[in-house]
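Given next are the chains, with one letter for each unit.
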Amino acid sequence: MRHVRLSLLLCVLGCATAQQEAPKWLNDAQGAVQTAQAAGADQIPAAQEALAKANQALAKAKATMNSMQGTLATSQADLAKNLTTEAKNKTTLQSAMTTLNGLKAQ
Amino acid sequence: MTQTRKMLAVAAAAALLAGCSTLEPSPALVSARSGYQALNPNNPDNAFERGQAEAALQKANNCLKGGDPATCQALADIANAKVQNADAVARAAEATEKTVKVQDETISIGRAKGMAAQQVTAAATAATAATEEQIAKQKAALAAADAERQRALNTLKSFANIVEDKERGLVISIGGETLFKTNSAKFGPSANQELTAVALYLQLDPRPTVVEGHTDNTGKPEYNMKLSQDRAQNVMDFLVGQGVSKDRITAVGFGETRPIGDNKTKKGRAINRRVDVVMVKATQ
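Chains as they are written, first to last, in the working numbering: chain C, 1 to 106; chain L, 107 to 390.
These aren't lab readings, by the way, just hints derived from the structure by calculation. Where is the CB? At the ideal position from N, CA and C, for every residue including glycine. Please note that a few of the clues may not be correct.
[Stated by the list, open to error] If you want the ones that stay clear, here's a sample from chain C, every Cβ over 12 Å from chain L, calculated:
(1) Pro23
(2) Gln43
(3) Met65
(4) Ala77
[Unchecked claim] Listed below are several chain C residues computed to face chain L (Cβ distance under 10 Å; list not exhaustive):
(5) Ala46
(6) Asn82
(7) Glu86
(8) Leu100
(9) Leu103
(10) Gln106
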């Protein structure tokens, strides 16, 4: 009976711990990494390194609950996202220039 | 026993020296510094990201003076990423601007060559879409920055009195009792939390800032003047330590010369003992 009570107590404590909300900085970091991935950072060579560093810092932040690693993950993810935007914008520019040069050659 | 004491003394001295030593800048910090110098300070496209980079760089630089090496390395990595991010945002905006120009030229040439109306319209639509997308992005970035500023301001309102003064600008007024120990310029227990919140707001609002120290009329005026100056200076130093650029902030003590409450009453004197962080109104 005593063991059953102890098990119940541990279960309740475990559940309470599991339901604790993640801190804001960790949510921010996870959100930033997801945004970078959704932007296609893993498909753009120039952004892949920053995305990898973001994931690495995020894993470290989760393991150690170190908010500075969370901030680093957010910063690297923002960088990955904006490097992706830059690459896409440059592709659009290249395409527009091809159209213009084709027209000039006509 | 004597030897043990000596060894302890040597160890304590070594620990003190290690604590006070200045760290060498890491390659990441060196890269962040040079990258920041290379950014165009007048580019409106990445003004927000540049501000974030500047604040992060300041923190990383300050850490070298006696900070923990692992913390300093993380701060340097953050600063480096933020500087690179500001650069990437500028390059992305530049590419979009060039695209709009190229498309405009395409339309002009198309018209000159007697291109079919439908084709010219298609090219024009593409150019307009690119421009509209750029404007929408700028609007979204401004709205996000405003929202972040408002959140930081709401945090300040929980412990400070905030007034938008027509003459002076935004005044964040914090009671002296909550910031400092009685009759001293040393910080009290709540100072760290409150001033960190002020620093966060200042990083989101780039206006020039004056930290003003004020006292009530208890005691000698000269003493009050010195106390208010020391308090203002300590607040400024703390804010700079948190990443606020020292080029935009000054500290001044006014002693008992600028009361806002009645010095004849206890309540009035408490109101007068304060630190005002004034975000200076831009001149028209």
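Going through the numbered hints above, which ones does this structure break? Give me the numbers in ascending order. 4
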